[in-house]
Amino acid sequence: MLRDKRQEYLVALLLVGPFVLIYGALFVWPTIQMAMLSFTKAPLIGTGDWVGWDNYVKILSHKLFHQAFWNTAYFVLLTVIPNTLISLVIAMAVNRLKGPVQGFVLACFFLPYILPVSVVFLTWNWIIDVQYGLVQGFVALFNGGQPISLTRTIPLFMPTVAFVTIWWTMGFNILLFIAGLRNISPEIYEAASLDSAGRWRQFQRITWPLIWPVTALVLTIQLIAQLKIFDQVYLFSIGGRQDATITLVQYVYKLAFQQNKGGEAATAAMLLFGMIIILSVLQYQLLRARGEK
Amino acid sequence: MADIVLRDVSKSYGAVQVLDSVSMHIRSGEFIVFLGPSGCGKSTLLRMIAGLEAVNAGEIHIGDRRVDQLPPNQRGVAMVFQNYALYPHMTVRQNMSFGLENVGTDKGEIAKRVDEAARMLEIGQLLDRRPAQLSGGQRQRVAIGRAIVREPDAFLLDEPLSNLDAGLRVRTRVELAQLHQRIGTTMIFVTHDQTEAMTLASRIVVMNNRKVEQIGTPMEVYSKPASRFVAAFVGSPSMNFLPVTALADVGGRVVVTAGGSTIPTTIATSVAPTVGQGLTFGVRPESLRVAADGEISGTIALVERLGDRTLIHTKLSDGTVIVGDDIGKSTLEAGAPVRLKIDGSAVHLFDAQGVAYHAD
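Top to bottom, those sequences are chains U and F. Here the first sequence stands for residues 1 to 293, where the numbers follow this note's numbering. Here the second sequence stands for residues 1001 to 1360, where the numbers follow this note's numbering.
So that you can see chain U by itself, here it is in the shape it has in the complex (with noise of 0.2 Å):
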């Protein structure tokens, strides 16, 4: 059916405006302020002068900003690889199950990912608790049968917390790993089995290259999540030695909202948004590339 051009536009323009208006108030907006604000010495709130790329000066030569930069890096090397490795076998254990049992299976190790990181905190900090703890017992082995404080054992801050985020996060990255594994052809494992082909060789040269793309999406979508760490840190580090284990959202607080300092904040978050785009851009291109060879 032909239509009025200019109809169609009209219409078209109706359906994407108010996804355009929001997105541009809300996120356009706001980014290009940021970024005029972190050239300036302005507070949390209110204006400043201007002060040319002096703040990216000063906070990139900022110990506590290198602090935060290496920690979070630490954090992202603690979770982002083990997470998707560790969702993939859970993924790939629960496809070989069958009806409801599969269901029920993945729920619980779905349940996790929807609880507010308040109740993860409280849960976790309940379990690791150094006196009453349930972990510590376990953990007890290892330290000459004495308890430990996961939280405030400064080298053990950070993988406890990134094992807490594991399980907490695995959840979904188990459904986008089921969703792939689901898409893969039950023949075409009976072809590779009459193919001489065994579980592990199955699993090599089948399973890992056709479950590719997931895996590329599940480490991208996780890097872009573990460089944007703050919650769960914040929460556990809270009452310990904050500095020894900040991260980089944590340090823009802390600018922000803790020194009154608006403008240097601003540049801070511009570095990360900056490191977040040039790594989640780099890792997804280096992926497919892999994926398409």
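Everything labelled a hint here was simulated from the structure, so no lab data went into it. Hints are not guaranteed to be accurate.
Beyond 12 Å from chain U on every Cβ pair, some chain F residues (computed) [as the list claims (entries may be wrong)]:
hint: 1; residue: His1061
hint: 2; residue: Arg1065
hint: 3; residue: Glu1101
hint: 4; residue: Gly1104
hint: 5; residue: Ala1143
hint: 6; residue: Thr1199
hint: 7; residue: Ser1238
hint: 8; residue: Val1250
hint: 9; residue: Ile1263
hint: 10; residue: Pro1264
hint: 11; residue: Thr1266
hint: 12; residue: Gln1353
Negatives, chain F to chain U, calculated, CB over 12 Å [as the list claims (entries may be wrong)]:
hint: 13; residue: Ala1002
hint: 14; residue: Glu1053
hint: 15; residue: Ala1078
hint: 16; residue: Gln1082
hint: 17; residue: Met1090
hint: 18; residue: Asn1102
hint: 19; residue: Lys1107
hint: 20; residue: Gly1108
hint: 21; residue: Glu1122
hint: 22; residue: Leu1134
hint: 23; residue: Arg1171
hint: 24; residue: Ala1248
hint: 25; residue: Ala1291
hint: 26; residue: Asp1325
As a list, the in silico SDA-like pairs of lysine to any residue whose alpha-carbon atoms are at most 25 Å apart [what the hints assert, rightly or not]:
hint: 27; chain 1: F; residue 1: Lys1211; chain 2: F; residue 2: Gly1278
hint: 28; chain 1: U; residue 1: Lys98; chain 2: F; residue 2: Gly1278
hint: 29; chain 1: U; residue 1: Lys98; chain 2: F; residue 2: Asn1083
Glycine is no exception: its CB is placed at the ideal position from the N, C-alpha and C atoms.
Keeping the supplied structure of chain U fixed, place chain F upon it in accordance with the hints.
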């Protein structure tokens, strides 16, 4: 090259039985077709031979080995799947090499076999492509190629032509027959298409309702169907069936009264059942020719012109419609009266259990 023997093979999923005590002996080099309607268990039987489905009872032997407890790769069979089941991320060459790599075949040998199969199937120029870049017919060839390079004792083909368009299906059918002649390996081919079965098979295994109805050459199955089911399922257009109202004995031969006509046959009275057993008379359209001196008279309900022959749908006095045959250039029109002459040597009787009795 090996014989395949099935002994009382049964299969059920929970309470649902899908195969009931199936036995057969497939000779080395035969082209066997499992023919039957959807859900008759033919694909399940093939998958059981392949080792993709467990056998609940009975034995499967390939060559001198009992294989029903062996994993698929140790049975010496290769399978072509309905949807080809090619590895989508591998090139054609990798698809064909995979099975040989897994058993540690020498690289040079793999390349030799793949190139040879590719030449035989005329897919040499496709070796570096992926399945997604191939047409349905090309994928089909690759799937066959993947089976050939393994040099199996038997090829198992699960409705491999059903995803091809009509023209390509006929061409591939011919090529498959030629391929079988050339390599001479046992082939078991599953289909619900009786034309494929008739044209390809050395012997057809007609299956229905969990059981084997008949095993025979295409012409045996066609001209001497073992049961009413086989008679109805094989042949297009289908056989005509008329209830028998009376039987008479004229010189040791049965004379049938059916559809209001008296029809002499060459069925021996000695072997024929007696009336009252719910007898049905069966005759194929090509044995029911338009002729002025025909035994059966009726009115033409519909004329189907196929070019080389004309199908005359004839309404009998009792309202039954049967299909007769006329020459391609038939001038008959619907509504006209017609007489059909039966070839009494090509008729069948079926009792209430569906058991068939044939003319000599």
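Hint by hint, here is what the structure shows:
1. His1061: holds (19 Å)
2. Arg1065: The claim stands: F/Arg1065 keeps its Cβ more than 12 Å from every Cβ of chain U (closest is about 17 Å).
3. Glu1101: violated (9 Å)
4. Gly1104: Non-interface label fails for F/Gly1104: nearest chain U Cβ at 9 Å, not farther than 12 Å.
5. Ala1143: violated (9 Å)
6. Thr1199: holds (26 Å)
7. Ser1238: Non-interface label on F/Ser1238 holds, nearest chain U Cβ at 33 Å vs cutoff 12 Å.
8. Val1250: holds (59 Å)
9. Ile1263: F/Ile1263 clear of chain U: closest Cβ-Cβ about 51 Å, beyond 12 Å.
10. Pro1264: holds (54 Å)
11. Thr1266: holds (50 Å)
12. Gln1353: holds (38 Å)
13. Ala1002: Non-interface label stands for F/Ala1002: nearest chain U Cβ at 17 Å, farther than 12 Å.
14. Glu1053: The assertion about F/Glu1053 is violated, with a minimum of 10 Å to chain U.
15. Ala1078: violated (7 Å)
16. Gln1082: violated (8 Å)
17. Met1090: Since the minimum Cβ distance to chain U is about 8 Å, F/Met1090 lies within 12 Å and the statement is violated.
18. Asn1102: violated (4 Å)
19. Lys1107: F/Lys1107 clear of chain U: closest Cβ-Cβ about 16 Å, beyond 12 Å.
20. Gly1108: The claim holds: F/Gly1108 sits with its nearest Cβ about 19 Å from chain U, beyond 12 Å.
21. Glu1122: Its Cβ never comes within 12 Å of chain U, the nearest being 22 Å, so this holds.
22. Leu1134: Holds: least Cβ distance 16 Å, greater than 12 Å.
23. Arg1171: About 24 Å separates F/Arg1171 from the closest Cβ of chain U, which puts it past 12 Å; holds.
24. Ala1248: Label holds. Min Cβ-Cβ 57 Å, cutoff 12 Å.
25. Ala1291: holds (53 Å)
26. Asp1325: Nearest chain U Cβ is 43 Å from F/Asp1325, so the label holds.
27. F/Lys1211 <-> F/Gly1278: holds (23 Å)
28. U/Lys98 <-> F/Gly1278: violated (48 Å)
29. U/Lys98 <-> F/Asn1083: At roughly 24 Å apart (the allowed maximum being 25 Å), F/Asn1083 and U/Lys98 satisfy the hint.
Of the numbered hints listed earlier, those contradicted by the structure are 3, 4, 5, 14, 15, 16, 17, 18 and 28.
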